[in-house]
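Peer 1: Go ahead and model the full structure; you've got the sequences and the hints to work with.
If you use my numbering, the sequence shown corresponds to residues -15 to 74, in order.
Treat the hints as calculated values from the structure; they're not laboratory data.
Ideal placement from N, C-alpha and C gives every residue a C-beta, glycine not left out.
Heads up, some of the hints might be wrong.
[As the list claims (entries may be wrong)] Pair ranges (Cβ atoms, derived): (1) Asp18 - His43: 16 to 24 Å; (2) Ala49 - Leu24: 22 to 30 Å; (3) Ala49 - Leu10: 16 to 24 Å.
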Amino acid sequence: MSHRRIWKYTLSSESEISMPKGAEVLCVHEQGEDICLWALIKPDVEMETRTFFSFGTGHKVSDLALKYIGTSFLRGGLLVFHTFELLKEA
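Peer 2: Next comes the structure, spelled out in structure tokens:
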């Protein structure tokens, strides 16, 4: 029997992340000077690539189909980034 695990991923403004299929994104939060994403995963399943974007407050946001994940506050709140996942086409 396989146990689920929580994995952490460090994001940039545009990140293609390889993670196990069906991973459940738990949250996005700052850690030090990084924007990090935590996901509940099953480590023994096939991997897939998922795409995440982080946009600063006031910056242009893509017209792509996006799902909001969370907001991160860097440098004591001087920089605020909002993270979205690119939705897959149906």
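Peer 1: Starting from the hint list further up, note which numbers the structure goes against and sort them upward.
Peer 2: none
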